[in-house]
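Undergrad: If you want the building blocks of each chain, they are given just below.
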Amino acid sequence: MQELVKVRELKVDAKTDSGRLVEIIRNVSFDIFAGEVVALIGESGSGKTTIALTLMGYARPGCRISGGQVMFDDRDLVILPERERARLRGNEIAYIPQSAAAAFNPAKKIIDQVTEVGAIHKTISMDQARIKAVALFRALALPDPKTIGDRYPHQVSGGQLQRLAAAMALMSDPKLLIFDEPTTALDVTTQIEVLRAFKAVLAERNIAGVYVSHDLAVVAQIADRIIVLKNGEIQEVGKTEQIIKEPVHSYTRDLISAVEPASLRRDGDTTQSDSTILEVRNLVAGYGAKTDDGLPQVVAVKSVDINIPKGRNLGVVGESGSGKSTLARAVAGILPASSGTIIFDGSELALDVRQRSREALRQLQIVFQYADTSLNPARSIEDILARPLQFYHRMNGQSCAKRIDQLLDMVQLPRTVKFRLPSELSGGQKQRVNLARALAAEPKLILCDEVTSALDTVVAAAIIDLLKELQRELELSYLFISHDLSTVRAICDDVAIMLSGEKIEQTPPEKIGCPDAHPYSQLLFASVPKLDTGWLDALVQDPKLTEAFARRKGD
Amino acid sequence: MHLNDPAIIQFLKWLGGLLTGDLGRSYSNNMPVADLIGRRLVNTLELGLVTAIVSVPLSLALGIAAAINQGTVYDRVVSTLTVGFISVPEFLIATAAQLIFAVYLKWLPALSLAADINSIGDLLRIYTMPVITLILVNSAQMIRMTRAAVIETLHTPYVEMALLKGASRGRMVFRHAVPNTLGPIFNAIALSLSYLLGGVIIVESIFNYPGIAKLMVDAVATRDLPLIQSCAMIFCIGYLVLVTVADIVAILSNPRLR
Numbered sequence: 000m001q002e003l004v005k006v007r008e009l010k011v012d013a014k015t016d017s018g019r020l021v022e023i024i025r026n027v028s029f030d031i032f033a034g035e036v037v038a039l040i041g042e043s044g045s046g047k048t049t050i051a052l053t054l055m056g057y058a059r060p061g062c063r064i065s066g067g068q069v070m071f072d073d074r075d076l077v078i079l080p081e082r083e084r085a086r087l088r089g090n091e092i093a094y095i096p097q098s099a100a101a102a103f104n105p106a107k108k109i110i111d112q113v114t115e116v117g118a119i120h121k122t123i124s125m126d127q128a129r130i131k132a133v134a135l136f137r138a139l140a141l142p143d144p145k146t147i148g149d150r151y152p153h154q155v156s157g158g159q160l161q162r163l164a165a166a167m168a169l170m171s172d173p174k175l176l177i178f179d180e181p182t183t184a185l186d187v188t189t190q191i192e193v194l195r196a197f198k199a200v201l202a203e204r205n206i207a208g209v210y211v212s213h214d215l216a217v218v219a220q221i222a223d224r225i226i227v228l229k230n231g232e233i234q235e236v237g238k239t240e241q242i243i244k245e246p247v248h249s250y251t252r253d254l255i256s257a258v259e260p261a262s263l264r265r266d267g268d269t270t271q272s273d274s275t276i277l278e279v280r281n282l283v284a285g286y287g288a289k290t291d292d293g294l295p296q297v298v299a300v301k302s303v304d305i306n307i308p309k310g311r312n313l314g315v316v317g318e319s320g321s322g323k324s325t326l327a328r329a330v331a332g333i334l335p336a337s338s339g340t341i342i343f344d345g346s347e348l349a350l351d352v353r354q355r356s357r358e359a360l361r362q363l364q365i366v367f368q369y370a371d372t373s374l375n376p377a378r379s380i381e382d383i384l385a386r387p388l389q390f391y392h393r394m395n396g397q398s399c400a401k402r403i404d405q406l407l408d409m410v411q412l413p414r415t416v417k418f419r420l421p422s423e424l425s426g427g428q429k430q431r432v433n434l435a436r437a438l439a440a441e442p443k444l445i446l447c448d449e450v451t452s453a454l455d456t457v458v459a460a461a462i463i464d465l466l467k468e469l470q471r472e473l474e475l476s477y478l479f480i481s482h483d484l485s486t487v488r489a490i491c492d493d494v495a496i497m498l499s500g501e502k503i504e505q506t507p508p509e510k511i512g513c514p515d516a517h518p519y520s521q522l523l524f525a526s527v528p529k530l531d532t533g534w535l536d537a538l539v540q541d542p543k544l545t546e547a548f549a550r551r552k553g554d
Numbered sequence: 000m001h002l003n004d005p006a007i008i009q010f011l012k013w014l015g016g017l018l019t020g021d022l023g024r025s026y027s028n029n030m031p032v033a034d035l036i037g038r039r040l041v042n043t044l045e046l047g048l049v050t051a052i053v054s055v056p057l058s059l060a061l062g063i064a065a066a067i068n069q070g071t072v073y074d075r076v077v078s079t080l081t082v083g084f085i086s087v088p089e090f091l092i093a094t095a096a097q098l099i100f101a102v103y104l105k106w107l108p109a110l111s112l113a114a115d116i117n118s119i120g121d122l123l124r125i126y127t128m129p130v131i132t133l134i135l136v137n138s139a140q141m142i143r144m145t146r147a148a149v150i151e152t153l154h155t156p157y158v159e160m161a162l163l164k165g166a167s168r169g170r171m172v173f174r175h176a177v178p179n180t181l182g183p184i185f186n187a188i189a190l191s192l193s194y195l196l197g198g199v200i201i202v203e204s205i206f207n208y209p210g211i212a213k214l215m216v217d218a219v220a221t222r223d224l225p226l227i228q229s230c231a232m233i234f235c236i237g238y239l240v241l242v243t244v245a246d247i248v249a250i251l252s253n254p255r256l257r
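From first to last, the protein sequence lines stand for chains S and P. Just so you know, we're using numbering that gives the first Met the number 0 here: the first sequence kicks off at 0 and counts up by one. Just so you know, we're using numbering that gives the first Met the number 0 here: the second sequence kicks off at 0 and counts up by one.
One should not assume that every hint holds.
Just so you have them, the derived chain S footprint on chain P, three or more residues with Cβ under 8 Å [stated by the list, open to error]: (1) 146-157; (2) 161-170; (3) 244-256.
Honestly, the hints are just simulated from the structure, not real lab data. Cβ atoms here follow ideal geometry from the backbone N, Cα and C, with glycine treated the same way.
Make a model of the complete structure from these sequences and hints.
TA: So, in structure tokens, the structure goes:
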């Protein structure tokens with residue numbers, strides 16, 4: 000086989016805000032052969048997207064290719080003039096972005112953007128381009144291929160946009176296709192359709208691909224070879240089978256073990272505890288003004304019952320728009336439920352957080368998904384943690400400082416962190432502070448709303464371990480909300496599955512996806528990618544079932 | 000004048016008159032206000048129109064160019080000058096222009112008397128100074144807003160996507176960035192042009208231009224209330240029309256709001 004791409008000693012510099020130059024890619028070398036799919040795997044900040052973009056001769060603003068070679072078809076993209084590079088982009092090398100929703104121009108019709116490649120490179124007449132685009136829409140299994148292009152980007156769904164972005168990339172019959180986390184923003188059931196479409200197109204047209212992702216299980220389905228990256232350096236390169244089954248480098252092993260976190264083991268404690276910490280009955284919540292029948296305009300949670308025994312965890316799983324976050328906000332009272340009962344530790348709570356007693360507020364804490372936005376950027380960590388201590392426990396001065404040190408120990412952060420601002424911490428550290436703030440109140444129940452979703456897999460696994468450890472020490476209960484089944488399975492005693500605002504099932508985690516379970520839970524379970532190269536090909540799904548639920552979600 | 004009626008009735012009568020085109024009579028020279036305003040309104044609109052025709056394309060061009068060449072010497076010169084012209088009040092610019100072009104260089108007349116117009120050359124000579132003064136103050140604001148709006152859209156993922164499709168710089172800016180900035184840009188234009196209504200008062204006074212703003216200033220001097228009211232109403236309507244047009248353009252340019 001002949002090399003299509005040869006990357007040699009690639010170096011990329013980035014300029015920090017203070018004007019310092021930092022080397023973010025260090026001496027990276029690899030090859031891509033014609034028709035081969037190579038995956039770049041790593042956490043955020045590992046430089047995987049930066050490397051993928053250099054394959055188009057492009058570095059984001061603030062970055063600069065400072066050395067090395069990127070040979071594409073015997074042309075060095077590093078020294079090629081910009082005009083020549085532009086001639087290759089979109090023509091011989093095409094790019095599929097992470098968020099198609101952001102990469103489509105909101106002010107232009109889809110078809111104009113898909114066929115634009117033809118207009119830029121003048122390779123094809125506009126009429127032919129339209130015909131070709133429609134054929135591609137059909138090949139990528141898009142609905143209404145003839146008319147979907149006449150819509151604007153906001154009028155189609157996320158999964159469809161991602162496939163439309165693929166169609167845009169395929170317009171010019173590229174030799175190399177770059178996928179930049181193309182399924183990360185999608186629900187698992189949608190991800191499967193998109194992955195299938197990508198795989199079929201690559202195989203059929205014999206296009207080489209670079210697949211950038213942080214998700215090993217997804218990559219295992221599509222890549223021939225995997226390159227593992229960390230801090231801008233290659234850790235390990237190998238065939239997909241080898242990387243997954245016999246990883247050599249210790250970092251690769253960390254990545255693999257993070258895909259399926261060890262399940263919660265409770266030592267001997269399998270008896271149901273008799274008292275209940277949280278009981279929710281017939282909870283209805285939603286957004287918008289109340290209509291005549293007393294319901295909100297958009298009902299996001301429809302009559303949900305949940306029950307959490309003391310010291311136990313309930314996971315709530317569902318795809319985007321299923322109402323799981325709304326459920327947490329309604330239980331916390333931030334979004335007052337329009338009807339229903341919330342019984343917390345034996346006494347009924349007001350639906351509106353403003354009418355709850357300080358004691359009730361203290362015992363029920365919530366941790367949000369984005370630590371970035373839930374920590375005040377202008378306050379030091381010390382101030383952030385001192386606030387709940389003063390508010391709930393009236394601590395001051397020394398006792399407060401001592402307690403802050405304890406809290407930081409609990410979430411395994413160095414004590415010196417307290418003098419820093421949130422922006423000076425990493426994503427995982429910020430989430431730990433976020434957790435410490437909830438712990439400061441000494442709650443009995445913590446509502447965890449997608450606390451690990453914004454984190455890298457290895458960091459997320461560490462947070463899950465921390466949550467488990469805290470539970471052992473502090474007799475906490477969690478209401479753990481996530482879209483990720485494997486995370487939920489790792490920490491929860493019971494899992495509730497939500498679909499369009501309704502709780503359709505509640506089962507112990509090991510029973511999810513059993514043949515006698517609800518068809519939707521089976522579908523959801525079956526859609527979670529496995530660390531097995533043959534999983535996607537072997538997966539058989541009832542298309543009618545998929546479609547039925549897809550429609551139900553969309554309404 | 001219905002001065003015996005209660006204030007609310009006076010107001011309603013005035014409002015009714017306004018709707019039927021009867022603006023009342025001037026206190027000072029007992030002529031219908033509509034007649035006094037008529038010709039002078041046209042003069043002011045002419046001044047405003049000429050200013051808009053020159054300043055809108057000029058500021059869009061300069062603003063977009065500054066955004067494309069962000070951080071270059073050109074961008075810095077434009078940015079510095081615009082801040083300068085925003086900070087200096089227009090009466091100073093107008094007086095300085097008079098001093099330079101009329102007093103020292105003697106190229107242009109210091110006063111704009113419409114009666115002297117006999118040829119296109121005269122027209123140009125009369126309009127030049129007021130128009131330049133208004134353009135300098137107005138365009139500065141528009142250039143800054145345009146530059147900021149275009150820079151913001153140039154950093155969006157869809158413009159990066161256009162680059163990765165092989166689009167040239169011009170295509171990225173004019174096909175992808177600018178259509179998405181029309182909303183904010185038109186808002187800036189509308190605000191600037193309505194600011195022109197304020198600027199026109201000073202400019203007309205200094206150059207003695209026979210427009211409605213000058214009329215209003217004179218009316219204030221003679222405490223001619225019906226005339227002041229009508230002029231104020233005209234300025235209000237102008238402002239509302241401009242802002243409404245800007246909102247409509249913003250809605251039309253965004254398919255999500257259409």
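Undergrad: None of the hints should be skipped; say for each whether it holds.
TA: Status of the hints after comparison with the structure:
Under a criterion of three residues with beta carbons nearer than 8 Å to beta carbons of chain S, the stated coverage of the region 146-157 of chain P is upheld, 4 such residues being counted. Interface restraint, the region 161-170 of chain P with chain S: holds (8 residues with C-beta to C-beta distance below 8 Å; minimum three). Interface restraint, the region 244-256 of chain P with chain S: holds (4 residues with C-beta to C-beta distance below 8 Å; minimum three).
Violated hints for the displayed structure: none, as all numbered hints are satisfied.
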